[in-house]
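*Asks:* Using the sequences provided together with the hints, build the complete structure.
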Amino acid sequence: MEMLAFNPELLYSFQASAPGSRAFHLRLIELAAVAVHQIAVFLYKQDTRVHDHHTNDPDYTVDGATSWDWEPPQQSGGYYPLLVPPPPWKTLFSHPYYVAHNQYPDGLADVVGYWAEDRIFGGVVLFDRSQTWRRCDGEGPGASEPNFYMHSARDDVTFRLWQVKNEEQEALVGFLLAPTPAPADNGPLPILPTRSHRVRIDPDRAIVDSKVYRDVWERPEPLHNRDRDDHRPRNPEDYPEEEDTQARIFALLYNKKPGSE
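Start counting the sequence shown at 979; every next residue gets the next number (the numbering used here).
Pairs of lysine-lysine residues, derived as BS3-like cross-links and limited to a Cα-Cα distance of at most 30 angstroms, are as follows:
(1) Lys1023 <-> Lys1068
(2) Lys1189 <-> Lys1143
(3) Lys1189 <-> Lys1068
What the hints contain is simulated information worked out from the structure, not anything from laboratory work.
*Replies:* Here it is in structure tokens:
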């Protein structure tokens, strides 16, 4: 446990929250996410390179997979392919939206930490920082803090941030507070998004506009014009809330409920 480094403000917020309160549960989840992140940082820094002991091919070592350079094919006529392969990731363990290692306190090790969160929880664990929330239910200034968010990086899963449901958050809290660990096949993790998770945020708008993050430096400010994203095609897997908007428009136009004849 000595390797874990928690933000003193996070620890104070956890200790100041009444046990069983909403604030207590959210800070417990945040502590768990930070602990997983810090353990991954610690393990990465050990630089054990266990995989390298099982291959004799230099192209399949850690260095071979993360530091190769693309060489254009030697062809007559000066022809080169239009699409040049992107450079390799600095580490094989990375979440594509959390790779700004130059601004992370632990550099590449933090990239691995975010990857570990995604693998274990189902996404990088994030919170609504848009205001000062009530420390415990019924006490202190402000409203009750909303459910936490996750940002997943898996096949066939949305690229957007999504908010967990009440029952999912309660199940995770129960898992973390259980005196004995639940069997792996009965545990609540990982939590993955479906079309029923209606509260979504575009990644480029999360930190700057919605103030949803865990640490403000976790992703760089977007370089492109975010307004153009409002005009791109939207599929129901990434934008399920559009179905609700269409339903409201349908009801206003025809004064009937969606699905009725």
